[in-house]
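J.: Residue-level listing of the chains:
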Amino acid sequence: MISRENIRRVTLLSPSLTMLFVMIGLPLAILAWISLLQRGVTSGVDWSAPLGLDNYIRLLWEEDFDGTIFFHTRYLEVVLRSVLLAAGTTFFCIIVGVPAALWMASLPKRGRDVIVLLITIPFWTSLLVRNYAWLIILRDDGSVNWVVNALIPGDDVGLLYTNTAVFIGLVYSFLPFMILPIYAVFEKFDWSLLEAAYDLGAGRARAFRKVMLPIAMPGITAGAMLVFIPCLGAFITPALLGGGKTLMIGNLIQLQFGPSRNWPFGASISIVLLALMMLFLMGLALWKNRRSQ
Amino acid sequence: MPSAVDIRNVSKSFGRGAYAVEVLKSVSVEIAHKEFFTLLGPSGCGKTTLLRLIAGFEAAQKGQILIDGVEMSSLPPFQRPVNTVFQSYSLFPHLTVAQNVAFGLEGTGASRSEVKRRVGEALEMVRMGDFECRKPSELSGGQQQRVALARALAPRPKVLLLDEPLSALDLKLRKQMQIELKQLQEEAGITFVFVTHDQEEALTLSDRVAVMHQGRILQLDDPRTIYEHPSHRFVADFIGDINFLEGRVDTRGVIALKCGAVLADSRAGATHGDISVAIRPERAKRVPTGQGNVDGTLIQSVYLGTGLLHQLRLPCGSVFLLREAAAEAAPLPAHGGTVGIELPAAAISVFAS
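Sequences listed follow chains A and B, in order.
1 is the number of the first residue of the first sequence in my numbering; add one for each residue after it.
1 is the number of the first residue of the second sequence in my numbering; add one for each residue after it.
In case anyone wonders, no lab produced these hints; they're calculated from the structure.
Treat the numbers as computed from the prediction; the structure is a model and nothing was measured.
Be aware that one or more of the hints could be misleading.
Claimed, not checked - Some but not every residue of chain A turned toward chain B, in silico, with C-beta under 8 Å: (1) L26; (2) L193; (3) L200; (4) G203; (5) A205; (6) R206.
Stated by the list, open to error - Selected chain A positions facing chain B (in silico; Cβ < 8 Å): (7) D54; (8) D190; (9) G201.
Ideal Cβ placement from N, Cα and C applies to all residues, glycine included.
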């Protein structure tokens, strides 16, 4: 039924709905379509190729020159590395973020504002520039190597272009996204609950585990989402700090769309990445649901 | 047998140096076993600080606190045999009612079935047995109050500390909870230390009341003595309605009030000079004009249900409150008429001013 109310609703919603469709829905559909095509001879895509799942199969199986199909882990390793690095970064950010947020929340009002400002200041600079800074710090004539050599004389540490370097870069880039949502929860924390826990015989560890942590959980899950998802698709950090050696999914996709000029394969990896993120979010939602019951 | 709580010369200041504020000034008090003990005073008198010192949330600069004969100063709150009912209840929002009550029992080494049984008992005691699975946010204020009580009582503390627990409830619920609280204390046989600024609540519930003012205990007595024989002008003024009449007393104990009345009081002889005489509105008597100690002009008369409250203007200009039972009241003069006021010697208190 077309009532005035409905017309009004549709009219008011249409700009944002149109934008969502044009800027997200349509490109995503094109991406999914491309992932089913073949690479062109002169351009990235052969738009007239028949649709098929070849690009997805290529992720795990390869056809030898004599026609035998064998399983390979070349891309699986990249996916696994990305998941592990993203999960590791998320975990480490939680370990650092919870105490940091707790400490911030315990400061007087002025102190809190200063720290929140300090945490947001890095966002004023491009992520690219900040990762270049780490490049300088971590390379063999950088400060980390210099300090380590001064303490324990020996060979160069050789941090740069390793998984560790990428890990350090990722933690550095995404830590604020973990601290801020947890801080937002602790800022509103009713400290008398902690007194109540003490009063009921809970020591510091039990009070933290049974009272503070469960109440901070919404902040931690929000932070985990904000860290894990962009981490999984991270591109700049592994490109700079991992060199060409430590590839993550983001780099693989960039390689396909760039140097390799194989858009359909790049598109299929993008769809796989999207699916991984969906899986993570669904898992998180499921876990939250189970906990609240 | 040692007292349930023994507070010895406890002093506490907040802040440092020139900004330090002394909130407790060498307070000493002994609280007996199974006593309903109330700390009463206006806000800022130090009553809540004293309670927090007993609970262990604050540390005293001087003095000792003993519970059941054991020195508590070096023990953190989670090792003290006391539990607190907080003013804002402080129920754990992420736990159910049953989990809240079980919180103090877990970690005591009690078995799962034992915990379950005692949670049931505690909730039954406050008549909240049907709400085990609810979250605190799904309960009304009064229900939250009961859960907070059950949670604090479940670990069977030696002393239960209550920090203005009824102040957030509306009047009717508060009255009902007062009665339940008193019954609960008698049933559980636990020492209650109750903090309130509500003098009526203090008088209704307590075995003994300590009236606090500016970090000191001014008077420590049973409710009746506190009400009828206040030891300080502040106590008399803080608790209930009271009339103060300024005057002078000579060495023979004869009091000449500014409003013209002359009274004899043998006890007043010790403090000669300027004094004030205090009398409760219901202890003064209305008598025919000229037959009392002083006459007053009737300003207003209010019917209270349980009685009549008259506002009378004394010759010196001050207002005098007089309450009498409505049923026995003699016919009143018209507004502006005069009545006699009798001030029985047994009913007055005399304070140096």
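J.: Given A205/A was flagged as interface, is its beta-carbon under 8 Å from a beta-carbon of chain B?
T.: It is violated, given that the least Cβ distance between A205/A and chain B is near 11 Å, above 8 Å.
J.: Against chain B, run the beta carbon of L200/A and see if the smallest gap drops under 8 Å.
T.: This hint holds: L200/A lies near chain B, its Cβ roughly 4 Å from the closest one there, short of 8 Å.
J.: Using 8 Å as the Cβ threshold, decide whether D190/A counts as touching chain B.
T.: holds, 7 Å
J.: Would the hint on G201/A be counted as holding, given a Cβ-Cβ threshold of 8 Å to chain B?
T.: holds, 5 Å
J.: Grab the minimum C-beta distance from G203/A to chain B and call the hint holds if it beats 8 Å, violated otherwise.
T.: Status holds, d = 5 Å.
J.: Would the stated hint for L26/A survive a check requiring a Cβ distance to chain B of less than 8 Å?
T.: violated, 43 Å
J.: Classify the hint on D54/A as holds or violated, based on whether any CB of chain B lies nearer than 8 Å to its CB.
T.: At about 50 Å, which exceeds the 8 Å cut-off, the nearest Cβ of chain B leaves the hint on D54/A violated.
J.: Taking the least C-beta to C-beta distance, is R206/A closer than 8 Å to chain B?
T.: holds, 6 Å
J.: Return the status of the interface hint for L193/A: holds when the least beta-carbon distance to chain B is below 8 Å, violated otherwise.
T.: holds, 5 Å
Going through the hint list in order, the structure does not satisfy hints 1, 5, 7.
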